[in-house]
Amino acid sequence: MSTERRGSRHAPPVGAPSPEDLEQQRQHQLLERRTLLKQAVGVGGACAAAGWLSLAPAGWPLSLRDADGERGKPRATVRQLPPGGFVVPDAPSVADLGVAHGSNISAMLRAAVDAVGGIGRFIQRGDVVVIKPNVAFERPAALGATTNPDVLVALVELVREAGASEIRVADNPIESPESCFARSGIQAAAESSGARLYLPEPHQFELLGTPGATWIERWPFFWGPFEGANKVIGVSPIKDHNLCRASMTTKNWYGLLGGRRNQFHQDIHGIVADLALMLRPTFVVLDATRVLFRSGPTGGSLSDVRPGHTLVVSRDSLAADAYGWDQLLERKGEALPDYFNQAAARKLGQPDWRKVVLSEVNVG
Amino acid sequence: MKRLPVIQSVPLAIRAATQTNRDGTPWFARVFRITSWRIVSQAVFFGLFMFLLWVTWFSRLEGYPASLFLELDPLVTFATALSTHTVYRWLWRALWILIPTLLLGRVFCGWMCPYGTLHQFMGWLFNVRRNKDNIGVNAYRPIFQLKYYILTVMLVLSAFGALQIGLLDPICLLTRSVVTAIKPAFDAALPASLAGFAASPGAPEPRVFAGAWFIGFLLIGLVGLNLVIPRFFCRVLCPLGAFLGVLSRFALVRIDRDLTRCTDCNLCMRHCEGASDPQEALRKSECFVCFNCIDDCPEDALAFRLAPVPVHERILGSIKEGTASLFGRRVISKLPSTVIGAPDVPRRRWVFAGLAGLLAYPFLRFSKAVNAKAYSAKAIRPPGSVAEPEFLERCIKCDQCINVCPTNVLQPSTLAEGGLEGLWTPVMDFRTGFCQLNCTLCSEVCPTGAIQKIDLARKLGKEPHAEVGPIRLGTAFFDRGRCLPWAMETPCVVCEEVCPTSPKAIGAYEVEVTRWDGKKALLKQPYMRPELCIGCGICEHECPVADQPAVYVTAIGESRSKDRSLLLGGPDVQKVKG
Amino acid sequence: MLRRGTVAKRVESRSGVGEGRVFIKDGFRSYRRTYRVGEVYWGIGTGVALLGIVGWVTWKGAHPDPSLFDMSAALQADPGSSSAAASARGPLPAGLAAGGFREGKVGEYSADDLYVKINGRAGFFQSFGVKSLHAVTLEAGPASEANASSIDIEVYDLGESRNAIGAYNGERPPGIESLVSDGSTFHFDRNAAFLARGAYYIRFIGSDESEAVVAEVQRLLELFRREIAGAALPWAFSLFVDQLKLSPSAVTYVKNNAFSFGFAGDVYKATLSAADSTEDMEAFVVARADAESAGALARQYQEGFGSVGVPSGKTRAGVPLSKDEYLGTFSGALATERWVVGVRGAPSAERAQEILESLSTGIGALPPEVRARALPSADATETPQAESAGGSDEH
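Residue numbers (our numbering), protein chains in the order written: chain A, 36 to 399; chain B, 177 to 754; chain C, 4 to 398.
I should point out that these hints are in silico values taken from the structure, not numbers from a laboratory.
Some hints here could point you the wrong way.
Said to hold, decoys possible - Label-pair distances were calculated between CB atoms; the ranges are: (1) B/T690 <-> A/Q159: 40 to 48 Å; (2) A/A102 <-> B/A722: 33 to 41 Å; (3) C/K63 <-> B/F542: 37 to 45 Å; (4) A/R160 <-> C/D73: 40 to 48 Å; (5) A/P109 <-> B/D739: 29 to 37 Å.
Yeah, the Cβ is synthetic: ideal placement off N, Cα and C, and Gly gets one too.
Let's have the full structure, built from the sequences with the hints guiding it.
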């Protein structure tokens, strides 16, 4: 650039070069040499850097070397839930299974929670609580395929009274998430009660490790709401299920998984037992205000639903589910679905609810 | 390094802006001159257009007129009126564009059209030409006639019931491009912390669209052509522009050149958007009414005024000899003619275009994909769609239904499903989504009634539509050779679980099978009750044999046309009691 | 073309060689010399129009079409499904369970599948045009306890109060008086209670006669008397109770096949003999739409009585009486205005005549309000033949 300008200043001289011209020429040669050296250093440096990056052994700083192709593969970090789950300590003096009948949902929930030791036993001031309703389908709540929003509201209020600092509501529905939350009334319930709703957006999922699980030892998990959470409550409707026969509080954790869930049906009982292992909740609420007694788990007709007027609260989701199976789905004579036995074999709960301490109350 | 001039100090800029003009008018007469208002208008309409596409989503739609721009589009209204002999729902809104066009010319192109705004903005931003070249590229070219041929072919096709305006109508084209190409890219670029602003918030997976690459590249290509010829699309291809151009010959108000002031300097061509020759005889059919020529005229010779009658016959004397005068003032310009009303298309070429349209119809219609004889099994239309021939009369390929669909099941048809005639019309792909039972959003946003406005009771076949029964999109079939319980003695029946009808259309036989290793296993093997199946496709979507599902829906049995019914008794077969 | 060259030169001299296109120094370079304030006004007009458009869109957005997000259709029962109803609970009031009882599942049955719940008795309720049955069992104590006491509640929706009264009286054993108060007709029978109120007939049947069960049955009866929509007693009570001073317990309604006559439907009848007597004397009244059809019906009754007896003179008013061939009792019917009144099983012709006269007088003295609602039952008049055929297997 600058050379051009200098060259253009004078017209080329005619005849032999003057000393001034020779001086000009010498200076130009100097400049050329300098430029050559600069460029040589630059090119050499670039080559050396490229060589370092590509040839330096893998452990060395800035090395990009990947001799066998293994280093380049994506590696996911595997998250872990707390080793003991979100369980609160035993309290021998209170019941294990709290059952409340009636029609005032808020009072029923309080009575059922009181029966198992009161909300103070489970939630302390400052807790970050995840509540997992079942919002699998885009149905009005009256069709019984999803958690009753009134139960969710009562639960959020109860948890807030106990001093929880943050309450999160999360589920990964089968149908379009926004529609499911809106149409089931869960969104309005969460918003009106001041809980934070988590939608299952792709960035919310992380790989979760569940040591000892048969199938889901590593599986994409709805991690977002669990970041920093220390209490987990499941609140699930009671539903007939075409394959595993009944979908209640244990099967409810299905909605925390992502990935290829449709493979689960190849061993649904093993999966539900894995779910019980994966998530040890603070407590679960079996919402039997409505009972979807047939055509489950989707339902779709009011004639598939009957009122149950019951809420069951327990730390032990198997006992709560077994109670629901016998007393609310009214399948007393039938053998329990196999997942109860599989989960019980891993000591994840008591599938014979008659063996646990039960406290039953009727609320107006 | 040169300082970037935009980084001037604010007080300096304010002082420069508020200087009194050389002609003594106050500063705001310059800052708020008409071209500034045009830019405001373009920005507002472009923003409104994008906003309406952004709210076309389950949780945002509320009462927004999501397809407003498509309804305002006079070409959509006119062409569907030609093909259906009716004006659907909100399409009368096109009058709001039609009336100003008849009075003022193509104001839509210069002031409102979001696609035009995009082209103008990109052309401005990436314009590196010198003024001499600017004047050159803004000269009128005969290739600009092409849009009138395109319009003619499309209108002739419309009259036969093959509505193809959507291929190139700018509103349809931009809507489609935004929906299938821009929105997914926008969502991919959006950081997780701003997920609430995503175009498809709450979607569990990124949305994918068939042939999005082609629609996207087409957008880049058409916008890129601005670098070759400014507003290439608007000047050369746009059928809506052509339609408005034909109408604008009746405009009473236009850019008028004062022959007694014009020095024939041609500076008015420098930013002329429409290449409408304001320096000579204004081509009314090409003028976008952008007013840039007024800004660029150093002689104040141009004005936008009521000028229904040309003045050249009033010129006295000879221009050649320099003795011409007009109303007593000396004529300076050497070019006496000031206006050309009609598009520059010779009559024989109109006829040629018409003939081309006449021939194009059989070429399109007697291709296999859209013909009733051999329609594609995968051309599954959204719920509420009218029967296929009427559908093709109405669908403008705007893809608003695809935009609003919460599950991503709606896809722009490729040549495989719809042929060229059905290209980019909505079809359902149950591998990308499924038709959600209680959702009727696509029928709400469809501007032309290809998907008729239905309520939920109609879709589900509840009172008062119980007689007719639910809308069926097709029928699901089992491929027992791929179905896990049937072919591989592996438990599954996800399909039964998710089947949304009550009672379920998918049931299962409980059978005890002896496996290859001699062990006995109790299995549930699914079966289909076609009289209950509504073709929603959630079974296909959830089937774990994901790449080629073992249960799949095809169009047969769809309730929108008797010709395509499957079971004896037509689409309204008696519902069985559960 | 010569011009072009000049122009280009002029342009270059004005804008300079290094004309920046993207970042321009001093605003938008235009060659314009004069400006007009009028453009600002036009611009403001445009701005107002733009604001108007944006405002309109905003307003539209805030006023969604309610039908767009209306989910009520999803809750509609399936057409053709026999258990169609808005709520599975039907008329059952809330708060059934109290006092240590808890509510079981509500069963809902229609006229078609009533037999599922009450096999053998469905025809009886069908003859009264039953619409639905809601049944629920209240169980005492916790679910874990087997053989706990329970109370079955059955609520029959019969569509009209006359049907409810008819069904109630049809089930009431002879010898038990019913209590009538405030639109409710009911009685207790050991550990059970029976109630006709409004269009409903309700049975409460306890599993045992323990104090708790009986108390709960009483509480439930009171609850249902409060909660179930009542209706005025049928018009014929006005005739029999107010005019003829009979006990309300004596009055009942027969929807069809009264006195085993196929034509005799929509009949109110009152027992005139004492409960413990061997006599079986009844007065009855039927409302018709007009005097003409009343006259025709009265003739049918006269012929009907005549077919099972012998003519035995006429009353002073010329009404033919029949004497039963086997029992020796007198029966007769006559039309008065648009009503048909009659007597069956009177021990003597004089008694029959006396009763017929008092009935006619009573009709004449009916207050206008009662007359207005003393109309024939809609379904009974439309298809009397079909109705009688359907109910005949009960007799």
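A quick look at each hint next to the structure:
{"no.": "1", "hint": "B/T690 <-> A/Q159: 40 to 48 Å", "in the structure": "violated, 57 Å"}
{"no.": "2", "hint": "A/A102 <-> B/A722: 33 to 41 Å", "in the structure": "holds, 35 Å"}
{"no.": "3", "hint": "C/K63 <-> B/F542: 37 to 45 Å", "in the structure": "holds, 43 Å"}
{"no.": "4", "hint": "A/R160 <-> C/D73: 40 to 48 Å", "in the structure": "holds, 43 Å"}
{"no.": "5", "hint": "A/P109 <-> B/D739: 29 to 37 Å", "in the structure": "violated, 50 Å"}
The structure shown violates the earlier hints numbered 1 and 5.
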